[in-house]
Amino acid sequence: MKFKFQILFLLIVQLKAFINAQQLKLSYDVYFIKDTIRKEKEVQNMTLLADTQSYIFCSENLLEKDSLKNNNLEYSTVIMDDEINFMVKRKNNIYTKFYIINEKLYVLNENATNLNWQIKKEIKIIDGFTCQLATLSYKGRNWSAWFTTECPISLGPYIFNGLPGLIVELKDSRNNFLFKLTKIAKTNDDINRIINQSVWIEEKPITINKKQLIKLYLTEYNDPYRRMKEKKIIYMIDEKTGEHQPPPDFDKMTKNAQKYIRENNNPIELEDAIKYPTK
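To convert, note that position 146 of the sequence shown is 146 in the UniProt record's numbering; the numbers rise steadily by one, no gaps.
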């Protein structure tokens with residue numbers, strides 16, 4: 001691991017002379033807690049593709065799908081929930097965020113705002129980088145970012161940017177989220193194509209506003225098996241025995257689903273957490 005980051009450090013030094021003219025591919029590991037009861041941490045590999053005008057922060061899985069599609073190879077058009085965790089695009093000072101609700105993909109556009117970072121005096125070495133501390137209070141969470149001016153680009157994971165150097169590590173005070181830089185490289189990927197197109201799906205995403213987003217989540221919460229009910233299932237068949245099973249107990253299933261939704265209601269922008277009813 002130490003050797004890996006020594007190589008990373010040398011690469012950044014080489015890039016400094018022409019960093020502003022290059023397209024970059026930054027890799028981050030994201031450790032996060034969705035279930036606020038069990039507090040089990042999950043990890044996801046994310047990639048930040050950036051040029052001088054725009055960027056996209058998305059899962060490595062989606063970029064692999066893009067590569068397969070671009071080379072006319074077979075790939076899955078199904079987008080999973082975990083593939084759009086933390087996914088965001090920025091272009092022309094507009095953030096585009098992605099949501100899957102009831103098996104449909106929605107996008108929400110928001111104006112980018114300047115983050116009110118407080119740069120501190122603390123310095124520490126992280127995997128060979130000389131980093132400085134900056135703090136931020138943003139949408140219900142307090143963040144600590146360690147950035148390095150050895151790579152003087154104002155980039156970081158998700159929407160966290162605007163510092164005088166690259167963010168190497170970022171975490172919130174509740175220890176619910178941790179972003180760690182693992183790799184930096186030049187890229188020849190067509191970033192504009194990736195940003196401008198919905199390259200991983202066949203259907204165009206549905207654009208909504210914040211009020212519509214909340215309504216969609218609450219509708220899904222209040223009746224999570226609505227689509228299944230509409231099929232008017234009379235009985236089910238056991239796949240192993242072939243025997244008829246009684247119809248689903250939708251009341252019990254709904255209570256369990258609602259409990260799961262409430263316990264996994266821990267978005268990175270905490271102020272935007274949906275206020276689900278408990279009864």
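Please note: incorrect hints may appear among the correct ones.
[To be verified] Under the rule of at most 30 angstroms between Cα atoms (straight-line distance), these lysine-lysine pairs were calculated in the DSBU-like manner:
1. K275 to K171
2. K240 to K91
3. K104 to K25
4. K120 to K215
[What the hints assert, rightly or not] Here are the computed distance ranges between Cβ atoms for each label pair:
5. T241 to K91: 25 to 33 angstroms
6. E243 to I100: 33 to 41 angstroms
7. K104 to Q245: 27 to 35 angstroms
8. G242 to N188: 52 to 60 angstroms
9. I94 to T241: 53 to 61 angstroms
10. Y31 to T241: 36 to 44 angstroms
11. P277 to E230: 19 to 27 angstroms
Simulated from the structure, these hints should not be mistaken for lab results.
A virtual CB, placed ideally from N, CA and C, is assigned to each residue, including glycine.
- Which hint numbers doesn't this structure obey? Hints 2, 4 and 5 not satisfied by this model.
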